[in-house]
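Chemist: Sequence:
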Amino acid sequence: MLPIPAEELNGSGTLGPYWTFYRAVAAEQLNRWLPGEPSTILDLSGGRGRWSDQAARAGHRVIEVVNFRGTPDGHSLREADLVRHVRADDLAFLPDASVDAVLAEERAMSIELMAESAMNDVARVLRPGGRALVCVDSLVLGMAILAEQEQWQHLRQTGEVMLVPWPDGSITRCFSSGQLRELLIGAGLEVEWMRPRTVLSPSTVDHVLGSDARALTYLVRTELETHPDDDDTVGIHLVASCRKSP
Numbered sequence: 001m002l003p004i005p006a007e008e009l010n011g012s013g014t015l016g017p018y019w020t021f022y023r024a025v026a027a028e029q030l031n032r033w034l035p036g037e038p039s040t041i042l043d044l045s046g047g048r049g050r051w052s053d054q055a056a057r058a059g060h061r062v063i064e065v066v067n068f069r070g071t072p073d074g075h076s077l078r079e080a081d082l083v084r085h086v087r088a089d090d091l092a093f094l095p096d097a098s099v100d101a102v103l104a105e106e107r108a109m110s111i112e113l114m115a116e117s118a119m120n121d122v123a124r125v126l127r128p129g130g131r132a133l134v135c136v137d138s139l140v141l142g143m144a145i146l147a148e149q150e151q152w153q154h155l156r157q158t159g160e161v162m163l164v165p166w167p168d169g170s171i172t173r174c175f176s177s178g179q180l181r182e183l184l185i186g187a188g189l190e191v192e193w194m195r196p197r198t199v200l201s202p203s204t205v206d207h208v209l210g211s212d213a214r215a216l217t218y219l220v221r222t223e224l225e226t227h228p229d230d231d232d233t234v235g236i237h238l239v240a241s242c243r244k245s246p
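Residue numbers for the sequence shown follow full-length UniProt numbering, so the first one is 1 and each next one is one higher.
Some clues are possibly wrong.
Here are the simulated distance ranges between beta carbons [stated by the list, open to error]: (1) D212 - L113: 16 to 22 Å; (2) E116 - G36: 27 to 33 Å; (3) R61 - T204: 34 to 40 Å; (4) A215 - G129: 37 to 43 Å; (5) G36 - R87: 29 to 35 Å; (6) A97 - G178: 26 to 32 Å; (7) D230 - A147: 22 to 28 Å; (8) V161 - R32: 27 to 33 Å; (9) R214 - F93: 44 to 50 Å; (10) E148 - A97: 41 to 47 Å.
Since the hints were made in silico from the structure, they are not lab data.
Even for Gly, the Cβ is constructed at its ideal location relative to N, Cα and C.
Let the hints inform the model, and build the full structure from the sequences given.
Modeler: Put into structure tokens, the structure is as follows:
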């Protein structure tokens with residue numbers, strides 16, 4: 001899979017069909033990951049996604065943290081029957097072992113440069129046996145952005161923490177699969193699985209959907225039936241599921 005140009009990463013540009021596919025894959029991954037029984041879920045995705053609403057529709061109680069660790073949100077606070085919104089920049093408001101699951105979607109741990117501290121907080125509030133779903137920017141994405149910026153000297157430093165400046169002035173932390181595994185294990189969590197969010201290339205998705213728009217369900221199923229565990233040579237984002245020991 002070729003890296004996606006930086007200007008496409010916010011969903012604009014020419015890759016509309018691919019982003020439709022990407023969002024469908026992410027939604028189905030979450031459907032399959034969510035607990036089977038009604039649970040209390042902490043959402044650290046910054047109020048930027050539809051993760052809380054999706055979890056609530058599945059019958060879970062959700063605490064959505066807006067502005068976690070100072071992440072910009074652009075989110076209007078509202079209350080719903082199963083979703084509670086809390087404006088906070090850390091998890092001090094939650095006691096130990098108080099939630100069943102944690103969502104850290106929308107690249108939350110890449111935007112949070114002190115990811116180790118954030119993951120320690122996640123592990124603290126998880127109940128024994130609780131799980132976390134974490135999405136981060138991949139090393140492939142970081143190298144692609146640096147190449148576009150002609151920062152060639154930094155492309156050889158793939159064994160170190162990669163902090164990548166974006167055109168809008170923000171900084172993202174990009175992970176190899178090994179670095180993401182170290183982050184999760186370092187917080188005392190057991191890694192269940194790790195994979196690129198998508199393996200199918202934008203050109204493949206565009207070709208298939210251009211021929212038959214009804215093929216989206218087939219593409220999503222094909223994507224999720226692949227098993228590229230720990231493969232960080234493809235994909236702009238890595239996704240991992242981890243568990244706190246019972």
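Chemist: Taking the hints in turn, state whether each one holds.
Modeler: How the hints compare with the structure:
In this structure the hint that D212 and L113 lie 16 to 22 Å apart at CB is violated, the actual value being about 43 Å. Between E116 and G36 the C-beta distance comes to about 31 Å, which sits within the given range of 27 to 33 Å. For R61 paired with T204, a C-beta distance near 39 Å keeps the hint of 34 to 40 Å intact. Between A215 and G129 the CB atoms are about 38 Å apart, so this pair conforms to the stated range of 37 to 43 Å.
Between G36 and R87 the CB atoms are about 31 Å apart, so this pair conforms to the stated range of 29 to 35 Å. The hinted window of 26 to 32 Å between A97 and G178 holds, with their beta carbons roughly 29 Å apart. In this structure, D230 and A147 meet the distance hint of 22 to 28 Å, their C-beta atoms being roughly 23 Å apart. For V161 and R32, the Cβ-Cβ distance of about 31 Å falls inside the hinted range of 27 to 33 Å, so the restraint holds.
Separated by about 46 Å at the C-beta atoms, R214 and F93 satisfy the suggested range of 44 to 50 Å. Under the hint 41 to 47 Å, the C-beta atoms of E148 and A97, about 44 Å apart, fit the expected range.
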